[in-house]
Amino acid sequence: MRKALVCLAVALVVLAVGALAVDTGFAIATERSFARALMQSRGFDGESPALLYEPEVTISGFPAIPHILDGHYPAIGITARGVAATGTATFPHNRQPHQRRECGSGAPCRVDVRSRLSDVEVAGSHSLTQPFPPSSSLAVRSATASTTLDSVTVGRFLGIDDLTVNTPAPRGRAGGGGPQDGLLSRTSGVLMTGTVRGPDDRDVKVSVTVDLSIRSGELHLEATGFYDGPEEHSATRVAPEYERSVLDQFTATLSSLPMAWGTEATSARSSGSDLMIEGTPHPQIYSPLLFLDAESVHWMFTCGGKPC
3 MRKALVCLAV ALVVLAVGAL AVDTGFAIAT ERSFARALMQ SRGFDGESPA
53 LLYEPEVTIS GFPAIPHILD GHYPAIGITA RGVAATGTAT FPHNRQPHQR
103 RECGSGAPCR VDVRSRLSDV EVAGSHSLTQ PFPPSSSLAV RSATASTTLD
153 SVTVGRFLGI DDLTVNTPAP RGRAGGGGPQ DGLLSRTSGV LMTGTVRGPD
203 DRDVKVSVTV DLSIRSGELH LEATGFYDGP EEHSATRVAP EYERSVLDQF
253 TATLSSLPMA WGTEATSARS SGSDLMIEGT PHPQIYSPLL FLDAESVHWM
303 FTCGGKPC
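In our numbering, the protein residues as written are 3 to 310.
There could be a bad hint or two in this list.
DEER-style ranges, computed between Cβ atoms [to be verified]:
(1) Ser269 x Asp203: 35 to 41 Å
(2) Ala237 x Arg38: 48 to 54 Å
(3) Thr238 x Pro94: 19 to 25 Å
(4) Pro201 x Val154: 25 to 31 Å
(5) Ser129 x Ala171: 47 to 53 Å
(6) Arg143 x Arg246: 47 to 53 Å
(7) Asp250 x Thr282: 29 to 35 Å
(8) Arg83 x Ile30: 15 to 21 Å
(9) Asp164 x Phe64: 42 to 48 Å
Derived from the structure by calculation, the hints contain no laboratory data.
None of the values given here were measured: they were computed from a predicted structure.
Beta carbons are placed, not taken as given, at the ideal position from N, Cα and C, and that holds for glycine.
Please model the complete structure; the sequences and the hints are all you need to start from.
Listed below in structure tokens is the structure:
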């Protein structure tokens, strides 16, 4: 009797492990299906591919098979890396940077584009083997979108080759900036260090504080002063009469940064050594084909750039 029970228990465990393995396999295949559908999306011109690399997709919901058959998912997370950013930087008084590094179509800057979709319903035909056809439409209850620029990309926009970005720890709190704080974030007082044109056309390496904001949907950087806090920085100072011209080289508006689903940025902040813009998408129906085709999103799913 005991031997029979042991055999039964082993059989049940084997079946459970097998079922879990099958479910996990379908879950992975579903994420790949959505990633491949996103790879069919077009860029801002509606023709060229929007993505060079297959995006990272995470889909929640366990067990996966019932969600796939039903076409309903609690949440889908998307991270598309290396997306081309071909916009320009506008400086105060139409000043040009010391070392111009345009993010043009020939040598675009690269950003990471993210989106999270909640309560997703797949419209149209779908199956276990093809859960997300490229032309599928998604009804979504809510969504978020963000775009991340690393310090190299920000430096190329500003024409500062050695630019570094840092988020200073909170002041006046013991242990500020330690592991307990996680990834630090700020909208003002972001530390930037780089070499720019100084007095008498000499190059100087300075550290400045920068405030981040959104102006008409575009990321604006406003240098407010020279950093003198405890973080690692350049202690170089310039004469008062040259301070404004140096700060202006860290002050600019960055245009045409790509965002998922034609989203218009509404907030900006630092995230460790990166800058991030965020917003809320407003299309009525989401399609993998329109992931980065902002113009088509606005024409098809919005009225004058606002939710219909």
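Now the hints, each set against the structure:
no.	hint	in the structure
1	Ser269 x Asp203: 35 to 41 Å	holds, 38 Å
2	Ala237 x Arg38: 48 to 54 Å	holds, 51 Å
3	Thr238 x Pro94: 19 to 25 Å	holds, 21 Å
4	Pro201 x Val154: 25 to 31 Å	holds, 27 Å
5	Ser129 x Ala171: 47 to 53 Å	holds, 51 Å
6	Arg143 x Arg246: 47 to 53 Å	holds, 48 Å
7	Asp250 x Thr282: 29 to 35 Å	holds, 32 Å
8	Arg83 x Ile30: 15 to 21 Å	holds, 19 Å
9	Asp164 x Phe64: 42 to 48 Å	holds, 47 Å
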